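> So the protein lines, in turn, are chains A and B.
Going by my numbering, the first sequence opens with residue 1, and the numbers climb by one from there.
Going by my numbering, the second sequence opens with residue 1, and the numbers climb by one from there.
Since the hints were made in silico from the structure, they are not lab data.
Predicted, not measured: the structure shown is a model, and the values here were computed from it.
Built from N, CA and C at the ideal position, the CB exists for glycine as well.
Check each hint, because a few of them may be wrong.
Said to hold, decoys possible - Computed footprint of chain A on chain B, listed as stretches where at least three residues anywhere in the stretch have a Cβ under 8 Å from a Cβ of chain A:
#, segment
1, 104-118
2, 239-245
3, 265-277
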Amino acid sequence: MQLVLEKRAERSNVIALVSPLIAIGLTIVTMSILFAILKKNPISALGVYFIDPLTDSYSLQEIAVKATPLVMIAIGLSLCYLANAWNIGAEGQFLIGAVAGSWLAVKTQGTGAGPWVLPAMLLLGAAAGALYALIPAICKVKFGASEILTSLMLVYVADLFLDYLVRGPWRDPAGFNFPTTAEFDPVATVPILIDGGRLHLGAIIALLVVAAATVLLGRTIKGFEIRVVGAAPRAARFGGFNSNQLVLLTFAISGALAGLAGIIEVAGPIGHLQPGISPGYGFTAIIVAFLGRLNPVGILIAGLFLALTFIGGEQAQIAMKIPLDVTKVFQGILLFYVLACDSLILYRFRLIFPSRQVSRGAG
Amino acid sequence: MELAEAIILSVLAASTPLLIAATGELVTERSGVLNLGVEGMMIVGAACGFGGAWLTGSIIIGALCGMVAGTLLSLIFAGMTLGLAVNQVASGLALTILGIGLSGLIGAGFVGERITPAPHLHLPFLTDIPLVGRILFGEDAFVYLSLALVVGIWLFLYRTRAGLILRAVGDNHISAHALGYPVLRIRTLAVMFGGACAGLAGAYLPLAYTPFFIPGMTAGRGWIALALVVFSSWRPGRLVAGAYLFGAVTILQLHAQGAGIGIPSQFMSALPYLATVIVLVLISRARTGGSTAPAALGTVFVPDR
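Work out the full structure, taking the sequences as your base and the hints as a guide.
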């Protein structure tokens, strides 16, 4: 008796619908075991992780704040992945966007510049992110260099560049030698939506991005081209679609969105440029993109869910002394389960009995 | 001359983890599987390797712990990509994310602890030869092991029947399957070998390179190892050259920082990563005529029954 994988005659729509839920369920079971190994009560730990943040308005706002960059980056990444272009350097594009926008904030500091500063910062951030993402894309289409490796290497470069700026030329002279710029002026800060809260304009921008991506993928020729190039490259060639151009386009869009998310994060919740502005948003967004099945609305839901794990992880650390790394383990396991369950959309398991087949063949 | 000797010694030490991890990945990729989780397997190997050595006081047990940890992680990857036919790029990323989290959990108890690093070889007379003595006869065991590993893998790939089958599986899994070779079993073994090597390479860092564990200490070395495999055109011999070249870049930028030549340290630290991008571009550009990559690299195989 043997368990084998075989291709389904056609994709299973039922599994496509329930697979993210199965994946989350399996992840929660695995996490319970991990909590038990860490000698924490699994039930109360899961409660702190997934239920407590949903019960007070501060945490709810905080979830939306964390989901904002995740959703924006993941939407861009989903376009890349649909077109079979592997941008995994969104973290670097996020940092470069933050740096480029901050440049204007630092330069206009205390000059009494008008309200044009923030929009200009957002544009700069998006443009810088797009340009930074175009480096691996151009290396890919011009020279055939693996975009996976080059985009990832540029994350380390961006991280070091930001570190240099805030320890060197942009360091706040009144900042007691901490590696940070001065707090941005009010005109260089993303407005808050609810007085006294943390929810900011970025959340609205993220929703607009989701809407734009839905239209792009569902209603435009370009969106169709992106999906065909990824799903059926041969058909796309016959259709005359330029796959190189689409690699450049999807990388530029995803870089722009990551860069925009970066400058919004710095000009919004953080308020100044410093090292460690991202707890790995660019990498977590990869999970968000897959958990949301590369679909804009799915990504919105997945982004909120993963933001919940960030907040839950922080609260679990405070309340139960559960290490923050548990959140990363959780995210990694979740991605594995999502990918595994997605496999069952196209394949199914079957038991085969070799002995019986042999006897039937002989008879 | 003292300085030159010290630089060469540190270049060899910096290159060794790259060489070990890249050799393992080369075998994996030669079987047609692209495992992007090298960084994750390395960092868990570093945590488990240090933990094993710290608890038992034995470097060898530490190295074995690292290898076992890397192999176990690679088995998850094999189950996903070979058992469930999942996209290899996405699974490799998942493995790295998981590995970084796991290493933090495992290593949390050891941060700040120190061990006695792996001893260096000392042969009477030979090691004391001026200039070349310490470089040739005064390394730690891992350095010799890594070179033996490359020679062994070269012999295996090009001089044994099993190596020929492995390459056949990596170039055309449908033909190999039709000839009756167990494609998925061969690939699983190749992935496990890659995992063991990545784990060992990770363990090298806290066991011999720096005698303590810090989270994230692999600092992208797993990704550089992946780039080295591309650089080598999937040939073990060129891997040695590539690994020592990258080791040299790493060490030279450290010395340049120490010498204080006026360039901000962050720019120097970025050099190995920038060098990787540049080398990838140059190599890929030189190869536009035809690819030397295993033909089936990264493609999913579900046997027809």
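> Hints first: check each against the structure and report whether it holds.
Here is how each hint holds up against the structure:
no.: 1; hint: 104-118; result: holds (count 3)
no.: 2; hint: 239-245; result: violated (count 0)
no.: 3; hint: 265-277; result: holds (count 8)
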